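Asker: Take a look at the letters that make up each chain.
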Amino acid sequence: MDLSIIMNYKLLFTRSILLLQICLSVIYFSSTNSFAYQNTLEKIKSSGVLIWGFDADGGAPYVFHDLKHPSKLIGFEVELVEAIARELGVKVQHFQNAWDSILLSLQRGDFDIALNGIEIMPDREQAIQFTRPYYAYTEQIVIRDSDNRINRLEDLHGKKVGTLYNTVAKRMLEEMGNITISTYSGQVEPFKDLSLSRIDAVFVDSPIASYYAMPNPQLRLVGKPAGEGYYGIAVRKEDTALAEELNKIIEKLLRTGELQNIYSRWGLWNTAQEKLFLHEELLQKYTENLPSVSEKVSPSVTKFLPTLLKGAMVTVGISILSMMIAVGLGLILAIMRLYGNTWLQRISTAYIEIYRGTPLLIQLYILYYGLPNIGITLSAFAAAILGLGMNYAAYESEIYRAGIQSIPRGQTEAALSLGMSKRLALKRIILPQALRITIPPMTNDFIALFKDSSLVSVIAMVELTKSYSILASASMNFFKLGIITALLYFGMSYPLSLYARKLEKKLRLHDRNP
Amino acid sequence: MIEIHNLSKQYDNQPLFKGLHLTITKGCVVTLIGPSGSGKSTLLRCMNGLESFQEGHISVNGQKLYGIHEQDYNKAQVPLTLKNIRRKVGMVFQQFNLFPHMTVLHNIIESPTHVLGISQAEAESSAISLLQKVHLEEKAHSYPDQLSGGQQQRVAIARSLAMKPEAILFDEPTSSLDPEMIEEVLAVIKDLVSEGMTTVIATHEMGFARDVSTDVVFLAKGEIVEHGSPKDIFCNPKNDRTRAFLNRFMK
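Protein sequence lines, in the order shown, are assigned to chains A and B. The opening residue of the first sequence carries number 1 in the numbering used here; numbering runs sequentially from there. The opening residue of the second sequence carries number 1 in the numbering used here; numbering runs sequentially from there.
Just so you know, the hints here were simulated from the structure itself, not pulled from any lab data. There's no promise every hint is true.
Said to hold, decoys possible - Using 27 angstroms as the maximum straight-line C-alpha spacing, the simulated DSS-like pairs for lysine-lysine come out as follows:
#1 B:Lys190 to B:Lys26
#2 B:Lys139 to A:Lys505
#3 A:Lys427 to B:Lys83
#4 A:Lys506 to B:Lys139
#5 A:Lys224 to A:Lys192
#6 B:Lys164 to A:Lys427
#7 A:Lys427 to B:Lys75
#8 A:Lys422 to B:Lys164
A quick note: this is a predicted structure, and the numbers were derived from the prediction, not measured.
Sequences and hints are given; from them, build the entire structure.
Answerer: Dropping the structure here:
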């Protein structure tokens, strides 16, 4: 395992509480701007602190933890922000925020600027404003070195291509059509899956492609750079004074050559950066030509529904299959622990303790990205249901064990005295009684699993929460979509509790002990 | 039929039986009486392997169960021996232990169909006649928790009989019943006894013991204090402890 897993963990954890975010966004929308300062530039100068929002888990070369000194952040954007702060005469304060919701948090007033490879896109400008560009990127294809099928953008047709979600690259792939797109939230994972032949190519912003693919002899860059675009610093819509101040600073850094120095150190300076000197009108013209989400997807919520429903289907499928694994494996573990010999008992106990004592996310990562190291390459779907199923099996087995132990000893004795074998007594007499006792806690767990299934988005599964996340951050419509997504979850889990309650009542009718 | 030879058993180093001998011949009705904790139930449970013991052996119909400390005791043999013994010797418990998730009928046919391999139809028809025998045929489709204690115990007897045992062990069959239900259960046991079923009963019902037994065994602190005909024990007890026990009970 490498450090990227640990690095990504924080981001993923943040995502796992996306449901909470849905609720928070409701609160936020009812109180927009109440946190925002009238003049952020003045606030920065008087407090002497520039609060910078970014996501370090997004990775290199933008901003990331130095592997040699993990508490230290490095990256070309770290150096850029420090230069900007120095020009403002203030200090930088870091604000780690999940990339998906970085603009939302900016609007909330969590920090003063968002600077983290945020592409200047017209639909984003509806919610926030951008400074002049600080970096000109292109989109780049990366393939396995051994693969000769793909030489240019058009060759991606009919292939499986990995990209990062909510990016220009993804939008370009969607417009090309006839491409199976695998969307990732971390930058390391698509390259891993490319090496493992789970996908045929990666199509991402050039700094990412250069940084991750160049040092890897298994991978290479192909094709001409496509889809030029710019990164800008995002500030709140009303912070025009701050934006103007930042524009002046960027221009100064450009003219003095400091920007070039920073980019050169990271191997990111190229001729495309010359355009940063150009007039604003050119930029204007460029951004107008970009495809816009607001054109493609009307704000009408019904347009989002098919995507959300598709995500919901994946959620249901994953939940049911992994619960089946959890129930079957859990039962085996419980029986091993209660009736097995010393070794089986130890194995079962160790399994339960390890699976309960480690985070599901780590388990998913090991299954999906760790196992290929020993030659086992699971598909995302298989890893998702196995990961969830094996994790919940540990919990289910403890429920079954408690259930079995709660059946009075006399039941086993009666069965044995009637000539039944231990096995038959367990199967016909003990388990049927024990399992109905376990229905309420099992329902609980199934509903929990149902919601935990959103965690599998970390291994490139697009289920309901991920679908919401993608749609919401693309359309900035966190509120309506959030309500709909929450309703979908509720609409699926509530009938389940109702059914379990009914079943429990029916079974309990004849289950009182004399 | 059942021969207990030199039985020794201890719980956590507390000795209970110290070399106990008892022979129960076919057709006998043996009642075990004695104060609580005297080992009546434990002795019964040893007879069909629900309790293990340290030394001696119990032979049922030629099948021998050995104490776990015996030298020539063959562990691999134990499950088969237990299976053979339990098919021949039924047991009725103080707490009835009916299966709460099954109807009365299914409680009765469960073991015949799954252990003996008797067809469902055949098992059901003999279950119905057993229910008639215990006067509960109308309860065939009820669940245990819909029955009174006395009714449940009669079902438990029918369930045990469905395995066509050669002997039945009754472990205080009326001790958890309300007084008005005791008679109906004792009546069923009396019927069985009159048909010649080999029976061992641990009980506190002294009148019943006197009426139905061929042998009465008085146990105290894991020891057979006195063993004889009901007449010997109840009318002419030789041992002071027997006399003291009976005096307390007969008042």
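Asker: Failing hints, ascending?
Answerer: Checked against the structure, no hint fails, so every one of them is satisfied.
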